[in-house]
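Participant: Residues per chain are reported as follows:
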Amino acid sequence: MRRGEGRCSQFDVRASGGREPQDFACPKQIIVIANAVPRLFIPAALWRARDAERDLLLTTAQAAGIILAKELRLEFRTRELLTATVIFALVVVVLFSFAFDPTAAESRRYGPGLLWIAFLFAGSLMLNPSFAREQNNETLDALRMAPISSFAILLGKILANFIFMSLAELVLVPVFAVLYNLSLAGIVWRLILVLVLGTWGLTVTGTVFSAVSAHARMRELLLPLLLLPLLTPLLIAAVESTSALFAEQPALDRTWLAFLAGFDIVFLTASWLLCDHLLAE
Amino acid sequence: MKARFTITALVALLIFCAGYAALFIAPDEATMHAIQRIFYFHVACWNAMFCAFFVAFYASVAYLVTGKRKWDALGVSGVEVGVICCTIGLVTGPLWARPVWGIWWTWDAKLTSTFILWLLFIAYLLLRGLIEDPEKKASLSAIFAIFASLDIPLVYLANRLWRTQHPQPVIAGGQGSGLDPTMSKVLLLCLFAVFCVMLLVLIDRYRLEQLRNECAELKFEIESQGIDAFDGAATPALQKGGQ
Chain A
1 MRRGEGRCSQ FDVRASGGRE PQDFACPKQI IVIANAVPRL FIPAALWRAR DAERDLLLTT
61 AQAAGIILAK ELRLEFRTRE LLTATVIFAL VVVVLFSFAF DPTAAESRRY GPGLLWIAFL
121 FAGSLMLNPS FAREQNNETL DALRMAPISS FAILLGKILA NFIFMSLAEL VLVPVFAVLY
181 NLSLAGIVWR LILVLVLGTW GLTVTGTVFS AVSAHARMRE LLLPLLLLPL LTPLLIAAVE
241 STSALFAEQP ALDRTWLAFL AGFDIVFLTA SWLLCDHLLA E
Chain B
1 MKARFTITAL VALLIFCAGY AALFIAPDEA TMHAIQRIFY FHVACWNAMF CAFFVAFYAS
61 VAYLVTGKRK WDALGVSGVE VGVICCTIGL VTGPLWARPV WGIWWTWDAK LTSTFILWLL
121 FIAYLLLRGL IEDPEKKASL SAIFAIFASL DIPLVYLANR LWRTQHPQPV IAGGQGSGLD
181 PTMSKVLLLC LFAVFCVMLL VLIDRYRLEQ LRNECAELKF EIESQGIDAF DGAATPALQK
241 GGQ
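Chains as they are written, first to last, in my numbering: chain A, 1 to 281; chain B, 1 to 243.
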C-alpha cells in the first residue's frame, strides 16, 4: 500500500472505486440528497454540534452515498453484471415454458412463482461479485481505512445492488408479461410495491452473504447455498402477494405485504448490528 | 478419564431404560398401536435439537461479543449435534407418517421449516469447511448462525400462514388434549435420556474442537519457527545464486 493512502479524506473513498470522479454525472446529486437525509432525523442543535467533527467523520448517509456512487460508476462503465443478470433470468423464464408448456390459466397460476424463482437465482448470481471484486486489489482494506462506519460501506453496496436488481426487473417484468400473456394494466403500482419490498429483502441478505462468501473457496457455488434456504420465507410471501395481483380479481394481500416488510426490517437490523464483525479484518 | 467412562456408561444405561420403557411399559395407543411408540424418540430428538441449536445460537452471539475461541468451538459443536438430531427426527418422521397419514412427506409448516432448518445448518457446516483463515471462519460462521436462527421463526410463520397438516400441540394444546399418565412419564424419561445423550456428545465434540484448535496453534508455531530457521540458512545461498 502506498504512503498516504490511509489518510482520512473524502477523496480516498472515491479513489478506491475508479479513476476520475467526473466521468459519471450521478454522484454529485446522490451526495447532495444523502447529505439532506440525516437532517430530517437529527435535531438542529445536535446537528450544529456535530458540524465541527463532520470534516473528519463523514456521516453514514453521506459515506453510503459515496460508496453507492462508486458502485454505480463501476457498473455503468461496463454494464456486464446487469446484462448477464437480465439474460440469465430470461433464460430461466424461457426454459420454464419448454419444461411445462403452460396454458393461459396455468401461467397465471405458476407465473408469479416462476418470476420470483428467476429473480432469486439471478440475484444470488449477481450479488456474488459485490464483495468478491473488492478482493482482487484488496480495495476493501482501503474502504475499511476510511473514517466511515462499516454500515456505510454495507449500505452503499446494498443500495447499489438494489438499483441493479430493480433495473433488471424493470426489463424482465414486461418481457415476462408478454411471453406469458399476463396483463399488467391496472396493477402496475401495486406490483411495484411488492417488487420493491421483495427485492430489498433479497439485496440486504444477499449483500451480507456476498461479504461472507467472498472469503471462502468456491464462493460462486456457496452464495446460493447460503442464501436460497434463508430466502424461503421471502419467496413464499413475494409469490403469494404477486399471485394475488395476477388473479382474476387483482387484490393487494396486506398480510403478505406486512410479512415482506417484517422480513426486510429484521434482516436490515441484523445487518446493522453485525456489520462491524462482517467487515472486520 | 475414569469419570468420563462412568458418565458415558450411565447415559448408555439411561437410554437403554428409556428404550425399554417406550417399547414395553408405555400403554398401546388406541388408533395407531405399536407404530405410535416411535413418538417417544421422535419428540425427544426435536427437543434435543432445539437445545443444541439454542446452544449454537448463544455461543455464536457470545463469540461475536467476546471474541474468545472457546465460544466458536461450542458453536460448531452445537450445530453438528443439532444437525444429527435433526436428521434423526427427519428420518423417524416419515417412518411414522407413512402408516398413519398414508404419506411419507407433506409440505406442511412444521415439516417444511425443519427441512429448511436442516439445510441452513448443513450450509453452515459447508461454509466452515470452505473458509481457510480460522479467525474469519469463526466470525463469519457465527454471523451466518445468527442469521439462520433469526430466519427460522420467519420460515415457520410463513409456512403457518400458507398451509399446515402436522397435528396441533397434543400435550399442552388446551381442551381435549393430554396424554395418558404412564405415557407422559415415559415421554419425560425419553426426553431426559435423549437430552443427556445429546449433551454428552456435545461436550465430547466441544473437547475435540478445543484440542484441534490447540493442535493447529502448536503446528503453526512449529512451522513459523521452522521457516525462520530455513530463511536464515537459505538467504546466503539465494544471494549467491542471484549474483
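Since the hints were made in silico from the structure, they are not lab data. Check the hints yourself; a few may be wrong.
What the hints assert, rightly or not - Footprint (simulated), chain A over chain B, 3 or more residues, beta carbon under 8 angstroms:
(1) 82–90
(2) 129–135
What the hints assert, rightly or not - Ranges between beta-carbon positions, derived for each pair:
(3) A:S166 x B:T66: 35 to 41 angstroms
(4) B:W107 x A:R77: 30 to 36 angstroms
(5) A:R109 x B:P99: 32 to 38 angstroms
Unchecked claim - Okay, derived cross-link-like pairs now, DMTMM-like style, lysine to aspartate or glutamate, Cα gap no bigger than 20 angstroms in a straight line:
(6) B:K136 x A:E220
(7) B:K70 x B:D133
(8) B:K70 x B:E80
(9) B:K137 x B:E29
(10) B:K68 x B:E135
(11) B:K68 x B:E223
(12) B:K70 x B:E223
(13) B:K136 x A:D253
(14) B:K137 x A:D276
(15) B:K136 x B:D204
(16) B:K68 x B:E29
(17) B:K68 x A:E281
(18) B:K136 x A:D101
(19) B:K137 x A:D141
(20) B:K68 x B:D133
(21) B:K136 x A:E75
(22) B:K219 x B:E135
(23) B:K185 x B:D28
(24) B:K137 x A:E106
(25) B:K2 x B:D204
(26) B:K136 x B:E217
(27) B:K219 x B:E209
(28) B:K137 x B:D180
(29) B:K68 x A:D276
(30) B:K70 x B:E214
(31) B:K137 x B:E217
(32) B:K137 x A:E281
(33) B:K185 x B:E29
(34) B:K136 x A:E106
(35) B:K137 x A:E80
(36) B:K70 x B:E135
Backbone N, C-alpha and C fix where the C-beta goes; we use that ideal spot for every residue, glycine too.
Participant: Against the earlier hints, flag every one the structure doesn't satisfy and list their numbers going up.
Facilitator: The structure breaks hints 1, 4, 9, 11, 12, 13, 15, 16, 18, 21, 24, 28, 34 and 35; every other hint is satisfied.
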